[in-house]
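Novice: Now for the letters of each chain:
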Amino acid sequence: MKDRTIDAVELEVLWNRLISIVNEQAAALMHASFTTVVREAGDLSAGVFDRAGNMLAQAVTGTPGHINTMANCVRHFVKAYPIDTLKPGDSLLTNDPWLGSGHLHDITVVTPVFYRGRGVGWFANTCHAMDIGGRTLGAGARQVYEEGLNIPIMKLFDEGEINRDLIAIVRANVREPDQVVGDLYAQQAGNDVGAVKLLQALENYDLADIEGLSGLILDRSEAATREAILEIANGVYEDEVELDGYDRPLVIRAKVIVEDRSLIVDYTGTSPQVDRGINVVYNYTHAYTTYPLKCAISPHIPNNEGSFRPITVTAPEGCILNAQFPCAVGARHLVGHFLSQPLFGALSQAIPDRVIADGSAGLWNTQLEGVGRTGERFSYIFFSAGGMGARPGDDGISATAFPSGIKGVPAEAIESVSPVIMHRRALIPNSGGAGTFRGGLGQEMVLSVDSDHPTLHSCMYDRTRYAPRGFLGGGDGRRGELFLSDGTVLPPKGRYDLQPGQSVTLRIPGGGGYGSPFERDPKRVLEDVKQERLSHEAARDCYGVAITADLEVDVEETAVLRGNASADKRR
Amino acid sequence: MSKEAYTLAIDIGGTFTDVVLREHASGILSVAKVLTQSPDPSVSVLEGVKEVLNGVSPGAISRAVHGTTLVTNALIERRGARTGLIATAGFRDALEIGREGRYDIYDLFLKLPEPLVERRLRVEVRERLYARGEVMTPLNEDDVIKACEVLREAGVEAVAIVFLHAYVNPDHERRAGEIVRSLMPGVGISVSHRVAAELREFERTSTTVANAYVQPMVARYLARLEDGLKALGVLAPLHIMLSNGGSCSVQTAVRFPVRLVESGPCGGALAAAHYGNRSGHRQILAFDMGGTTAKAILSENGAFPVTTESEVARVYRFKRGSGLPLLVPVLDMIEIGAGGGSIAHASELGLPTVGPQSAGADPGPACYARGGQLPTVTDADLLLGYLNAEYFLGGQMDLDVDRAADAVDEFARFTRLDRMRAAQGIHDLVNENMANAARVHAAERGIDLNGYSLVATGGAGPVHACGVAMRLGIDRVIVPPAAGVGSAFGLMLAPIAFDYVRSFVARIAALDHEVVNKLYGEMEDEGRALVREAGIDDSEIRVVRTADMRYVGQGHEISVPVPLGELTEGSDGEIQAAFDASYKKLYGRLCDGVPVEAIHWRVTISGPEPEISGSGSIEEVADDQGAVGQRDVLFAEGKCRTEVYRRDKLGRGAVLKGPAIVEEVESTTVLPPGWVLHVDDTGNLILIREDA
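Chains W and Y supply the protein sequences, listed in that same order. Residues 1 to 571 in this note's numbering are what the first sequence spells out, letter by letter. Residues 1 to 692 in this note's numbering are what the second sequence spells out, letter by letter.
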């Protein structure tokens with residue numbers, strides 16, 4: 001073996017190999033996992049790290065809440081168990097929200113890799129566990145103690161032997177012990193596949209370790225990210241958004257400071273943490289800050305430790321974006337998923353052509369628990385998305401998740417494994433904010449349960465008070481709504497009993513528009529009317545476009561409508 | 001000459017239509033290559049058939065097999081019929097809401113494919129079933145009548161009908177179909193329980209709508225083709241290649257045209273596996289590398305993995321998830337943007353990258369001297385000495401080494417490498433890309449490539465085969481003869497085979513045997529009728545059952561064999577054991593105590609494998625095996641003076657030691673140092689890594 005320099009071709013080859021290896025790792029994990037959201041919704045992440053715990057590559061899967069938090073999480077493991085203190089066959093885990101991805105349901109398993117007797121790196125993955133004890137997943141807890149079992153960093157395997165005490169504790173605490181423990185094995189299997197393939201690659205390419213490679217990868221990614229930041233004019237850009245909160249509104253305030261090749265995000269002025277489970281730990285704040293920044297600034301640069309270096313994220317201790325132990329954190333996405341909005345709002349002042357208007361953002365998580373007609377208990381959770389914000393140059397995408405990367409579940413799948421009935425799942429006309437480019441449409445769901453007993457419905461919804469905002473003159477998207485078949489309006493984060501024969505309607509918000517609606521091509525307005533995405537009235541009132549009964553643009557009247565409106569504006 | 005002595009295969013590609021006639025007794029192939037004409041490719045087919053017959057009596061043809069990219073192209077180019085959808089009230093937007101996800105998490109500007117049916121032509125009717133098939137709301141026939149009025153008014157030529165849970169109880173769809181048929185005569189009708197009886201409303205709607213969308217066009221085309229063949233005197237049954245690697249009758253193809261969607265590359269895959277198997281190798285990685293893309297598929301003992309989740313007409317050709325999803329059984333193949341025309345460029349990080357952009361055939365690589373300026377894989381291969389500037393396509397086209405050098409120099413400058421290292425880099429990078437894709441593909445299917453043989457086809461396949469093989473730890477490469485018509489030849493290998501599926505979620509420990517027996521009974525009766533329709537005798541029909549099963553709570557199903565005949569409590573143990581075996585093979589361990597459930601019940605009904613013996617090649621004449629020349633070639637080990645051979649002059653049993661180059665009209669085989677090549681008695685080149 002020799003210590004040798006790596007030229008540009010070899011670097012690209014080796015880098016691609018690392019990406020291929022983490023994709024194999026993710027494939028092994030996904031197949032063996034028990035948790036529907038892991039496989040169907042891609043709610044996992046997998047990556048490879050150098051000796052010091054720097055993330056080098058991640059699988060092409062997953063959701064930012066996992067990918068970027070895992071990058072920070074592995075450092076804590078390296079600190080607790082430096083690689084030279086570990087042996088082959090050892091493996092570690094934790095689900096501590098403050099070390100990992102912000103709530104107890106996500107378990108991170110980290111495994112050191114040894115080559116010729118020396119630790120050369122780590123494989124890690126984070127997966128959503130089916131259950132973690134405590135209350136079920138939701139926003140209702142007042143402290144993290146109520147939310148389930150908290151496992152500090154410890155060994156899952158000790159020189160190949162499973163930690164029996166840990167497994168016994170897990171089994172005693174969770175509702176689906178076989179599946180939860182099965183998933184721990186699946187997570188280990190994924191890391192093991194990664195390790196085997198990494199050793200093969202070291203052998204093939206005659207490398208002693210990945211340290212030299214790591215330096216090159218991180219430096220290149222860092223330099224490219226810094227060049228991308230340099231394209232943004234120096235300045236301080238600020239914005240804030242309001243959210244429903246648990247029982248009272250919250251403010252997220254962001255200041256984006258661009259200084260040559262670095263970027264600072266400061267959340268000072270954001271609301272303090274609350275006594276319900278929507279608090280966000282710093283790791284998760286960091287993840288949902290770096291992710292939208294990357295989408296806007298450097299989408300083609302690989303996501304690794306190097307690409308994070310030029311970005312600093314600060315949030316005062318005790319604010320809802322740097323919430324302190326032992327606050328409750330279960331439904332932290334209900335705040336974290338909105339961070340892209342003040343960031344894009346701020347950046348729209350500098351790079352308006354690279355950011356999108358506010359969308360529905362926070363996934364609407366519906367959990368139903370009860371007893372079916374046959375007497376069998378059931379518990380079912382699914383995630384749903386509203387409209388994405390409009391984009392410079394194109395309409396927003398309807399009923400599609402952003403920033404989360406999670407996917408929805410078919411109504412037929414829900415009904416096949418639970419007594420839940422979905423009576424309707426439809427786009428909501430007029431729900432996309434008006435604009436030169438229209439916001440994506442929200443969707444409406446009507447649910448009931450085929451049961452003689454009441455069903456507990458846990459609601460994890462937002463944007464029922466404050467609409468997704470339009471950008472640069474675009475109109476707001478339509479707010480969310482939640483009500484029962486008798487007309488009763490429900491709080492967006494409560495729990496209540498859905499009675500037999502009753503149904504509940506969820507109207508998930510539409511996205512905000514982009515640019516003045518009066519600049520929208522009347523042909524596109526007409527097309528929206530033809531496709532029943534927009535009413536005649538809304539075409540006239542919001543866009544200043546008159547559509548005739550036989551579906552043509554009334555050019556003259558449109559000119560009058562638009563002329564008057566722009567005259568109004570000038571006054 | 002005996003009657004029924006020939007098989008005819010017709011393979012329509014984007015540029016050329018290949019027509020191949022195979023004499024059963026000798027195995028000798030006659031080939032015609034004609035330009036594919038649009039809009040009516042049947043014209044070129046008939047021209048090719050006339051040419052290839054060349055005196056042979058058309059009555060002596062016992063079977064004709066046809067593969068076409070018509071369906072795929074119609075979906076990509078959006079040339080199908082104006083289509084309407086009749087859906088369950090509240091669910092017309094299933095087609096547009098999809099799975100609520102993004103296929104690229106970093107692209108804010110991503111585009112989703114437009115649904116094939118615009119929103120105003122998706123009409124809702126009141127009806128509803130529970131998941132187990134009981135009626136919640138009866139079908140409102142007035143709504144169906146009104147829907148017909150709306151769709152007729154809009155001038156639709158095809159109608160898709162998709163109701164929730166129709167895969168369990170098709171009554172409502174069936175009745176709605178009758179009403180549409182009576183009120184809209186002449187309009188094509190596709191109902192979801194017939195096209196894709198599988199749970200998941202978005203994917204089933206997408207599939208049913210695609211079927212409706214292409215049906216009128218396919219019906220017209222196949223009718224013209226059948227008539228044309230009859231007029232030429234070809235009276236043999238015409239079979240159409242399906243995307244599952246089997247074939248079907250024309251009637252079936254017209255009923256389920258969406259099943260033809262990815263059939264294009266199937267012929268090539270069947271041929272590659274056939275050649276590999278004939279040389280005694282049962283585990284095959286078929287690897288086809290052309291000008292723009294490389295494709296790969298795994299085959300074990302002649303069987304191919306089939307996936308039931310595919311997609312077509314992607315917004316971005318190489319981005320998974322950017323297309324229209326189809327619940328159609330398709331050979332599980334990967335395609336990546338790596339071919340001879342793939343362009344080398346700098347990534348945003350200033351690193352060398354190859355593909356997926358391609359110079360294609362026009363302007364093509366810089367060395368074609370047709371105006372291409374950018375460095376491609378072919379330019380690198382030429383500079384490295386793998387290709388012969390004077391013997392490209394058998395000398396039909398000269399390659400310009402200077403232009404290749406200029407293009408690669410540009411690339412060398414920004415990567416700070418010298419010219420030859422840069423060329424080597426392009427070659428290595430494209431090999432690495434292909435190897436990575438194959439490695440992840442195998443991993444996703446729980447397959448270890450150790451012991452596999454790589455069968456290389458396509459113009460660039462044999463140039464890159466050993467490089468890819470070494471990266472995958474594969475020690476044996478097979479280069480079949482006459483790669484140019486492999487795809488058409490492969491069509492002849494396709495048995496009649498059709499797949500059925502019905503979704504029914506059930507735990508194995510509490511299986512309702514009556515329901516499952518009924519599902520299998522219905523599927524198998526229909527399948528037998530369909531196979532008989534293609535001229536297969538009852539005694540020759542084969543039935544294979546599988547179920548997609550998982551542990552309760554898991555999100556991913558695995559395919560498990562299911563015993564034939566009447567299922568009873570006694571067979572539950574057998575099903576459980578089969579699940580255990582399949583699960584253990586994939587994941588290495590079981591989850592004791594967790595119940596197992598089945599989601600989809602599947603059956604494949606097929607006719608016999610066609611008997612294909614003989615070499616399956618154009619008649620070859622080999623004389624001596626001497627080298628025709630020498631040139632300098634750059635391998636990973638350094639520059640070597642390398643002997644150059646012509647394939648058509650290598651006799652059976654010839655042995656070469658690497659480094660060596662073997663040239664033929666369609667391609668060039670590169671044998672690196674440390675590899676040995678011999679020509680086996682089937683005409684395959686067998687390349688074996690000696691130092692492994």
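The hints are simulated quantities; they were obtained by calculation from the structure and are not laboratory data. A virtual CB, placed ideally from N, CA and C, is assigned to each residue, including glycine. There could be a bad hint or two in this list.
[What the hints assert, rightly or not] Examples of chain W residues toward chain Y, derived with CB under 8 Å:
1) Glu-12
2) Ile-151
3) Glu-238
4) Pro-299
5) Arg-377
6) Ile-381
7) Ser-384
8) Ala-385
9) Leu-427
[What the hints assert, rightly or not] DSS-like, lysine-lysine: derived pairs with alpha carbons at most 30 Å apart:
10) W:Lys-79 to W:Lys-155
11) Y:Lys-111 to W:Lys-530
12) Y:Lys-584 to W:Lys-87
13) Y:Lys-584 to W:Lys-155
14) Y:Lys-585 to W:Lys-530
15) Y:Lys-33 to Y:Lys-585
16) Y:Lys-518 to Y:Lys-649
17) Y:Lys-649 to Y:Lys-639
18) W:Lys-523 to Y:Lys-584
19) Y:Lys-585 to W:Lys-87
20) Y:Lys-50 to Y:Lys-319
21) W:Lys-155 to Y:Lys-585
22) Y:Lys-50 to Y:Lys-33
23) W:Lys-87 to W:Lys-155
24) Y:Lys-230 to Y:Lys-50
25) W:Lys-523 to Y:Lys-50
26) Y:Lys-639 to Y:Lys-657
Novice: Next, verify each hint and record whether it holds.
Specialist: Hint-by-hint comparison with the structure:
1. Glu-12: holds (5 Å)
2. Ile-151: Interface hint status for Ile-151 (chain W): violated (21 Å vs cutoff 8 Å).
3. Glu-238: violated (21 Å)
4. Pro-299: holds (4 Å)
5. Arg-377: Since chain Y brings no Cβ nearer than about 14 Å to Arg-377 (chain W), farther than 8 Å, the hint is violated.
6. Ile-381: violated (12 Å)
7. Ser-384: Where the cut-off is 8 Å and the nearest Cβ of chain Y is about 7 Å from Ser-384 (chain W), the hint holds.
8. Ala-385: holds (4 Å)
9. Leu-427: holds (5 Å)
10. W:Lys-79 to W:Lys-155: This hinted pair holds, its Cα atoms lying about 14 Å apart.
11. Y:Lys-111 to W:Lys-530: holds (21 Å)
12. Y:Lys-584 to W:Lys-87: holds (28 Å)
13. Y:Lys-584 to W:Lys-155: Answer holds: Lys-584 (chain Y) to Lys-155 (chain W) is near 26 Å, not above 30 Å.
14. Y:Lys-585 to W:Lys-530: Not satisfied, since the Cα-Cα distance of roughly 54 Å exceeds 30 Å.
15. Y:Lys-33 to Y:Lys-585: violated (45 Å)
16. Y:Lys-518 to Y:Lys-649: The given pair, whose Cα atoms are some 60 Å apart, is violated under the 30 Å limit.
17. Y:Lys-649 to Y:Lys-639: Between Lys-649 (chain Y) and Lys-639 (chain Y) the Cα gap is close to 26 Å, so the pair holds against 30 Å.
18. W:Lys-523 to Y:Lys-584: violated (58 Å)
19. Y:Lys-585 to W:Lys-87: Holds. Lys-585 (chain Y) to Lys-87 (chain W) sits at ~29 Å (cutoff 30 Å).
20. Y:Lys-50 to Y:Lys-319: violated (41 Å)
21. W:Lys-155 to Y:Lys-585: holds (28 Å)
22. Y:Lys-50 to Y:Lys-33: Within the cut-off at roughly 12 Å; holds.
23. W:Lys-87 to W:Lys-155: holds (11 Å)
24. Y:Lys-230 to Y:Lys-50: holds (12 Å)
25. W:Lys-523 to Y:Lys-50: violated (51 Å)
26. Y:Lys-639 to Y:Lys-657: With a Cα-Cα distance of about 16 Å, the restraint between Lys-639 (chain Y) and Lys-657 (chain Y) holds, given a limit of 30 Å.
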